[in-house]
Structures are given as C-alpha cells and as structure tokens.
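Sequences listed follow chains Z and D, in order. When we follow the working numbering, the leftmost residue of the first sequence carries the number 1, and every step to the right adds one. When we follow the working numbering, the leftmost residue of the second sequence carries the number 1, and every step to the right adds one.
Check each hint, because a few of them may be wrong.
Stated by the list, open to error - Calculated pairs, DSS-like style, for lysine-lysine (alpha carbon to alpha carbon, straight line, at most 25 Å):
1. D:273 x D:285
2. Z:134 x D:285
3. Z:161 x D:273
4. D:152 x Z:139
It is worth saying that the hints were derived from the structure and are not from the lab.
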Amino acid sequence: MGDRPRSARQLIMSDHAVAARDGTLFEAVGLAKEYDDGRVPALRGVNFRINRGEFVSIVGPSGCGKTTLLNMLGLLDTPTGGELRYAGAALSQVASPAAYRAREVGFIFQSFHLLPTFTIEENVQIPMFGLPWKRAERKARAVELLEAVGLSHRLGHLPVKLSGGERQRAAIARSLANRPAILLADEPTGNLDSKNAAHIMELLKRLQQEHEATLVLVTHDHEVARHASRLIRMKDGEILSDPANPAAPGP
Amino acid sequence: MTFLEVIFRGLWRRPVRTGLTGLGIAIGIAAFVALVGMSAGYEKGVTSQLDVIGIDVVVSNMQGGIMPKAFDETVRDQVSALPGVAAANATLMQMLSVEDAPMMVVYGREWGSFTWDQLKVLEGRLPRDAAEPAVVLGKLAAEVLGKKTGDKLQIETGEFEVVGIVDGQSVLENGAINLALPRFQEVSGYEDRVNFINVRVPPGTDETQTAALCRQIEEAFPGLRAVKAGDVVGTSQGFQMAQAMSWSTSLLALVVGVLGVMNTMLMSVFERKHEIGVLLALGWKRSRIMALILCESAAMGLLGGVIGVALGALTLAALEMTPMVRGFLEPDLGWPLAVRAILIALAVGVLSGLYPAWRSSRLSPSLALQG
C-alpha cells in the first residue's frame with residue numbers, strides 16, 4: 001500500500017519535475033491574484049522558492065493574501081498573473097488538479113472541516129477515495145494515522161463528540177492519509193487555546209519530519225509562526241521579508 | 001468504508017427530509033401501480049372471458065361510450081349466414097345498479113347458445129328455458145348481492161328467482177348476473193335489441209381469414225364493428241380512455257416526484273456546499289462528486305419505488321374488496337409491473353439528480369470552503 005501513492009505521484013509530474021524534487025519544490029514568479037475584475041488585488045506579483053522538506057511559515061495580518069497564496073499552492077485557486085511552479089513544472093499545466101490534491105497535498109484548516117456525519121476513522125479515509133486503495137487498506141491506514149496522533153481510542157466517534165484539539169489532531173491525520181509531499185496548514189491553531197495550540201504545533205512538526213513532507217503554514221500568530229525554520233512576512237499582497245530572498249523588502 | 005456507505009450517509013444526514021421525499025416518489029409510483037394494475041386487470045379479465053367462452057369475433061356498435069349501443073337482434077341471423085361463421089349468438093349486456101349493489105354486470109344470453117356452456121353450476125341449476133323468470137349468479141355476484149338459490153332478485157322492473165350460482169371461470173363471468181335474453185330485453189326496455197354478437201369461426205381458421213371475416217361483417221353492416229377477440233380490449237375506446245387517464249395521472253404524479261427529488265437534492269447541494277468544498281480540497285474529482293449526488297438521488301428514487309410498489313399493491317388489494325370493483329376486474333400486479341415501476345422510480349431519481357449534480361460540480365473549492 002505504501003508504494004502506491006509515490007508511483008502514482010509520478011504520473012502527474014514530468015521527468016524534469018521528478019528530477020527537480022530534491023531541490024526547489026515551489027517557485028513563484030510574479031504571482032498575482034486579483035478579484036472583482038481587478039478591483040481587489042490579493043497578491044501583487046510575489047516571488048519566492050520553497051525547498052523540499054522545509055517548514056515555512058507565512059505570517060501577516062488578515063487580508064494580506066496569505067490564504068490566497070496557500071490556496072494556489074493547493075490548486076484550490078488559480079493566479080491571474082505570474083507563474084507558480086511545482087517541482088519545476090507549471091502548476092497551471094497540471095492536467096488534473098484533483099489528482100494533484102489527492103496525491104501531493106494534505107490540507108489542514110483552521111475550522112478542521114471534518115465531515116460531521118462520518119466518524120473520525122471514516123473522515124481520515126475520505127481523501128483515500130482518490131487513490132486505488134482497497135477498503136481494508138484504507139481502514140488500516142486510517143487506524144495507523146489516528147494512532148500516530150493519539151486518537152486510537154476515538155476511532156468510532158463523530159467529530160461533534162471530540163474537543164477542538166482532538167478534532168485538529170484528526171484533521172492532521174487526515175492530511176497525511178495519502179502520504180503527501182506537501183502539507184498546507186491554514187491557521188491550524190486559530191480555534192484552539194494556547195495549550196492545545198502548542199501541542200498541535202509540536203505534533204505537526206514531528207509528523208512533518210517523520211513523513212519528510214514540506215510544510216507551509218499560514219498564520220497571523222507570531223508565536224505559532226516561530227516553530228517554522230523559515231518565516232515569510234506578508235502585508236497587502238506583498239512579501240515584506242523572506243530570509244531565503246534577501247532582495248525582498250524588509251519590515 | 002465504501003463509496004456506497006458514503007452515499008447512504010449523505011441520505012441519512014437529513015432522515016426526515018429523505019423519508020418525505022422518498023414518500024413523495026412512493027405515492028407517485030403507488031398511483032402508477034394501482035392505475036396500471038387496474039387497467040391490466042381489466043384487459044386480462046376481458047381477454048380471459050372471451051377465451052373461456054370461446055368467442056373468436058365480437059360484433060358491436062361501439063361509438064365512443066363505455067357501453068356499446070344496442071342494435072336490431074336480427075343482425076345475428078344475417079351474421080350466422082355469412083360464410084366462415086360456425087356459430088353466432090346475441091347478447092345484451094348492461095351495467096346496472098341492482099338492489100343494494102351500486103353497479104353490476106347483467107347479461108341477457110340467448111337461451112341454448114354456447115355462452116351458457118362454460119358456466120359450471122356450483123349450486124342449484126340453470127334456467128329451464130328462455131321464458132322462466134330466473135337468474136343465475138356468478139359466485140362473486142352472489143357474494144356482493146348476498147343472495148343464495150331460492151332468493152328473489154329485483155332487476156329493473158322485473159322480479160326474478162335466483163335458481164343457481166355458477167363458476168364462470170373468469171372474473172367478469174363470476175361477477176355477472178345471467179338471465180335469458182328475452183327476459184332481460186323485457187325488463188330493461190330493449191325489446192328485440194342486443195349490443196353484442198359473439199361469433200365462432202370453424203376450427204382451422206387462421207388469423208388472416210378471421211380478419212377477412214371481420215372486414216366482411218363491417219362492410220355488410222355499416223355502423224357495426226367486428227373485432228377479433230384478441231383485439232377487443234385494445235380497440236375499446238372506453239379502455240383506451242381509461243388507459244390514457246391512468247398513464248396521464250401516473251405521469252403527473254411522477255413529474256411531481258421528479259420536482260420533489262430535484263428540490264431536495266438542490267437543497268442538499270446548497271447545504272453541503274461547504275462539505276463539497278472540503279471533498280474537492282481533499283482530492284475528490286468533480287466527476288466523483290457528481291456521481292455521489294446522482295447516486296444519492298437514484299437511491300432515493302429506488303427507495304421510493306420499493307415503498308411505492310408496496311403501497312400500490314396494498315391499494316390494489318383494498319380496491320379489489322370494494323363493491324365497485326369486485327366482480328368487474330381482478331387487479332393485476334405481476335413482477336413485470338413491479339419491476340417496471342421500480343425502474344421508473346430509479347429513472348425519476350437519476351433524472352432529478354442531474355441538475356443538482358451538475359451544480360455541485362461547478363462549485364469553486366476555495367469559495368465553498370469560505371462558506
């Protein structure tokens with residue numbers, strides 16, 4: 001079961017892209033996004049690179065464009081200008097955004113977004129429907145992941161029966177379901193108290209390292225952002241500072 | 001967890017709404033099953049009656065009403081004289097309110113004709129001759145009227161004695177009152193008039209020859225129609241009208257069902273916009289989301305179909321017990337009708353889900369996640 005996602009992943013990437021995996025994972029060149037026929041700019045031509053295995057925090061106030069950026073990395077949204085490359089290949093050329101999201105990306109949301117009528121174990125299985133796994137394989141993988149996040153005693157519980165911290169742990173387990181190369185976390189501690197937030201951040205860091213995934217986290221909370229190995233600051237749709245790109249304007 | 005479980009979990013999300021929508025389809029399907037079952041029962045009843053009596057051609061003066069108009073009895077002798085006719089006899093049939101029964105079929109049969117032959121006497125006897133003021137009741141008619149041999153029965157202006165109870169070997173025969181033709185003509189005001197001539201052709205006559213005989217009769221007697229026994233129901237204007245009414249009522253009920261399911265599925269899609277956004281973010285293809293909505297809709301149709309067939313069967317059973325229906329027809333709910341009804345319900349479900357499924361596939365995941 002473990003090899004399938006990796007071989008499937010190669011199907012959506014060019015040889016060049018596969019060759020570039022060990023280096024730059026994402027590269028944005030003049031990336032822009034405008035809403036309402038250009039009247040509302042969300043991103044104003046940002047440039048950055050994110051390397052494989054990095055943990056990058058993007059921090060900034062509400063409306064600075066960080067969630068828009070994260071959605072573009074996950075192909076939930078498309079840019080109106082510039083280019084975004086994934087492992088050397090333009091994301092706009094990806095034939096199936098759904099396959100990209102299923103095989104490459106794991107999402108973690110502020111509001112958890114667990115499906116209310118499914119148990120925790122079933123919620124973790126939901127992304128696996130995008131892969132040709134058998135029922136028993138899906139179940140085994142879900143149990144394994146929920147054990148890894150300390151929820152093995154909650155497998156048959158509905159999300160409503162869980163605390164906020166437990167729900168986010170279940171959502172993290174779900175994000176890892178298909179062994180993604182990238183984890184995209186949007187304010188993952190936004191709905192948690194400080195104690196639970198600290199636990200979640202420790203868990204995320206540990207799992208990111210164990211799974212050798214690239215973690216991109218957006219937050220307005222500097223305390224959360226400092227867990228990352230690299231911190232990109234944004235404001236009004238622009239990058240204010242990026243340690244990997246000294247040319248970016250400083251704060 | 002399987003995809004099928006995901007489908008049923010989606011339906012179970014709003015059990016009352018799913019149940020009520022399913023019930024909406026069920027009522028439409030029940031109406032379809034009941035109406036088509038009734039007309040199929042009527043068709044089967046008439047066909048079986050003609051078959052049991054051994055009638056090959058029916059001559060009547062059907063002009064758009066439910067009952068054929070009466071014509072001169074002497075036509076029978078002219079038809080008998082035609083080449084290719086082995087035997088012909090005249091019948092006067094009326095649907096009348098008899099005593100407390102709201103509607104009964106009464107046959108005035110020519111005494112000594114072959115139409116008496118299939119009546120198996122269960123109790124008592126047949127009339128002694130054409131002059132005796134006597135009736136024999138089909139076994140269902142006896143039940144409906146609450147009569148036994150020796151009782152008196154008032155038909156229109158005449159009083160008759162029930163001399164026998166018979167098994168006519170078909171629903172229509174069992175539900176009928178039978179008496180000699182002259183007696184019935186006398187009390188019903190149709191003296192020397194009949195409304196059916198029943199024709200038998202010689203053994204070995206093929207379909208083409210029978211059809212030619214029908215044409216010959218129609219040419220010889222303008223205004224009368226001669227129809228092969230197998231075509232009697234299909235060419236009956238009354239039956240065609242009843243069938244058209246049953247199909248149009250069913251269609252109306254099904255259109256209401258389609259609109260109900262479509263409304264439910266659209267509401268479901270709008271309510272679950274956020275959930276659909278999550279599924280898209282988690283890598284579900286739009287085609288899989290469409291399949292989910294379509295399958296939920298189809299499952300609702302199937303559920304409604306199964307309940308509808310059960311309700312339709314109960315309705316038919318209840319109708320069969322009513323005096324208005326009893327003795328006229330035996331509702332026919334066979335597997336072919338049940339399967340057809342369920343397939344129609346399934347089609348209703350799929351059809352109703354098409355637009356909501358298309359709407360769900362157009363959702364932008366980022367906007368859906370924002371709520």
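Here is what the structure says about each hint:
Only pairs whose Cα atoms come within 25 Å are accepted, and residue 273 of chain D paired with residue 285 of chain D is accepted, the gap being roughly 15 Å. With a CA separation close to 18 Å, the supplied pair residue 134 of chain Z and residue 285 of chain D stays within the 25 Å bound. Of the pairs offered as hints, the one joining residue 161 of chain Z and residue 273 of chain D holds, with about 23 Å between alpha carbons and a cut-off of 25 Å not exceeded. Taking the CA atoms of residue 152 of chain D and residue 139 of chain Z, the gap is near 79 Å; set against the 25 Å cutoff, the hint is violated.
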